[in-house]
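**Student:** Chain residues, written in single-letter form:
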Amino acid sequence: MIRVELGKLFRRPRTWMTIGLLDALPTIVAILLAITGVGPRPGQGPAFLSAVLANGSLFAVAALAIVLPLFLPIAVAVVAGDTIAGEAQAGTLRYLLIRPVGRTRLLVAKLVSVFAFVLVSVVLVAGTGFLVGRALLGNQPLSEVAVTSVSGSTLTPGQIAARTVLAIGYVAFSMLGVAAVALFLSTVTDSALSASMGALAILIGSSLLLTIDAAQALQPYLPTRYWLSFIDLFRDPILWRNVLRGIALQGVYVAVLLGAAWANFATKDVTS
Amino acid sequence: MIVTHALTKRFGSLTAVDSIDLDVRPGDIYGFLGANGSGKTTTVRMLLGLVMATSGRIELLGRPVPADAGRVLDQVGALVEGPAAYGHLSGRANLSLLDASGPRRARGSRSDRGDRVAAALDQVGLGGIGRRPVKAYSLGMRQRLGLAAALLRRPRLLVLDEPTNGLDPQGIREIRELLLRLHAGGTTIFLSSHLLAEVEQLCTRVGVLDRGRLVAQSPLADLQAPTGRTVVRTPDATAALALLDGRVEHRDGDTLLVRVADPAALNALLVGNGVRVRELGPERRSLEQAVLELTGPSTDRADRR
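From first to last, the protein sequence lines are chains A and B. Per the numbering used here, the first sequence starts with residue 1, numbered consecutively. Per the numbering used here, the second sequence starts with residue 1, numbered consecutively.
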């Protein structure tokens, strides 16, 4: 069943168009940077963007930082919200269930396919970011690259590569939280759009509350709180505190929401 | 094949299905009849494990539903409230996906999948459909594809809801003949339809649902039982009336409804007295009359109070 769902998702043209759009935005930013040479002042704008003007190898991480606040969550929410609710909307859910496909098995297969989408899109964003960065923003031979970390010291290419892989993993895990929210909503409603929009509303609300001082008591528990903490992976030494908190927080959300999705889906009446 | 004991489904304060005891035997073509809103679709969904019963038991092919449904649903093919498919894929691809989605132990080999899909498409008359995406199909084609999906695994039991919906008379006849062929091959068919003429032609047993209760479940012949009256059509109606006196219960132009013990004797009597008889035979209740007598108004109707 997992293979079937992976096939269904990755053979759909819409999936690749979404990934293409996700890659397009950092590419456009790179082109603009290369043409104008005007970077944001350090501390302003997406992370690493001021650093990439010196060296395009860091653009992989900058690309992640560009899509992370809005575009990547949207893509993940759309795909995850479509999982059960999309089948219900198309009327195909009932035929899957009577094939038969066990409800838990279906849910797990859908979850695996969403996570595969998250991994593939994050890796592709980082990959195209790297290639575009090297092509447009400076392509010193990799072995000679000495990149300044966020803390000011220099990092070897090996360290950069390792930290980039960790960053990719962290971003993917953060997006799993988005997927879990949207998957849960997908089992509650019959409308794929409602499920995706609901997930986005929660995330945008969370981001909003993070800017309000009055919500300080809630802030450590909001789902988007530690999304950008992957930057700490590029400090010297790596600052693990927020990264670990982020992993733990996402882990809790994922466990609770997937449990709720399973409990709901396993016993609900399928009238679609 | 399908047995239910006091099956009930309540949605809040509304009792959609009220303690029904279905009995579908192997080799039946069972017609499931009832007005819109009588609980037919809810019952079918409960039989397939899509909707959870409030109380009562269901046995499908000998196994309890939904507890053990996963084991037997592979042998059941169904069409529930209309067909559905992924619009951006071709009919063939849809059937392949459905075939591949089943439980591993009963999936059959992957190499045969193409043959199974082709065989199912041929059975419903879509063999040459090519790679057109389903969103470009007409209503009749979608209906046929839905039937092909139900037939894909060569099921022992077919649960069909309005299988000829959207088909032209040729199509209806093809499907009827297909169902009769399958029945002859041993498949049990559970059919829900509003086309009473179709049901009369196909079904061996009939169950009638009215506002959630099963008001009749019997062989079709019982519902069509002769009423004890004889229909006589004669051009000499007045003469026949005078002759038969009080035994004529109803007259409609040329047609008389006579209550007699022996239709043959009646025939001899009429002919012997010079009354020309064009047609003479026992009056049978039509299925439509039987169903309308047994059921109340449909819930499609919402009259002002």
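Hints were generated in silico from the structure; no laboratory data involved. Any given hint could turn out to be false.
Listed next, with one range per pair, are the computed distances between beta-carbon atoms [to be verified]:
{"hint": "1", "chain 1": "B", "residue 1": "R301", "chain 2": "A", "residue 2": "A263", "range": "37 to 45 Å"}
{"hint": "2", "chain 1": "B", "residue 1": "S109", "chain 2": "A", "residue 2": "G158", "range": "23 to 31 Å"}
{"hint": "3", "chain 1": "A", "residue 1": "P69", "chain 2": "B", "residue 2": "R301", "range": "30 to 38 Å"}
{"hint": "4", "chain 1": "A", "residue 1": "A90", "chain 2": "B", "residue 2": "Q75", "range": "47 to 55 Å"}
{"hint": "5", "chain 1": "A", "residue 1": "I28", "chain 2": "B", "residue 2": "R104", "range": "54 to 62 Å"}
{"hint": "6", "chain 1": "B", "residue 1": "G130", "chain 2": "A", "residue 2": "G102", "range": "48 to 56 Å"}
{"hint": "7", "chain 1": "A", "residue 1": "T211", "chain 2": "B", "residue 2": "D303", "range": "52 to 60 Å"}
{"hint": "8", "chain 1": "B", "residue 1": "R301", "chain 2": "A", "residue 2": "A90", "range": "26 to 34 Å"}
{"hint": "9", "chain 1": "A", "residue 1": "S194", "chain 2": "B", "residue 2": "S298", "range": "42 to 50 Å"}
Far from chain B, by Cβ distances over 12 Å, these chain A residues were calculated [what the hints assert, rightly or not]:
{"hint": "10", "residue": "E5"}
{"hint": "11", "residue": "R11"}
{"hint": "12", "residue": "L32"}
{"hint": "13", "residue": "T36"}
{"hint": "14", "residue": "L70"}
{"hint": "15", "residue": "Q89"}
{"hint": "16", "residue": "G91"}
{"hint": "17", "residue": "L106"}
{"hint": "18", "residue": "A109"}
{"hint": "19", "residue": "G169"}
{"hint": "20", "residue": "S206"}
{"hint": "21", "residue": "R225"}
{"hint": "22", "residue": "V256"}
{"hint": "23", "residue": "L258"}
{"hint": "24", "residue": "T267"}
{"hint": "25", "residue": "S272"}
Partner residues are not named here, just some residues of chain B that face chain A (Cβ under 7 Å, in silico) [unchecked claim]:
{"hint": "26", "residue": "A78"}
{"hint": "27", "residue": "L243"}
{"hint": "28", "residue": "L280"}
{"hint": "29", "residue": "G281"}
Because the structure is a prediction, the values reported are computed rather than measured. By construction, the Cβ of each residue, glycine as well, lies at the ideal position given by its N, Cα and C atoms.
**Student:** Sort out which numbered hints this structure fails and list those numbers smallest first.
**Tutor:** 2, 3, 4, 5, 6, 9, 10, 11, 15, 16, 17, 18, 24, 25, 27, 28, 29
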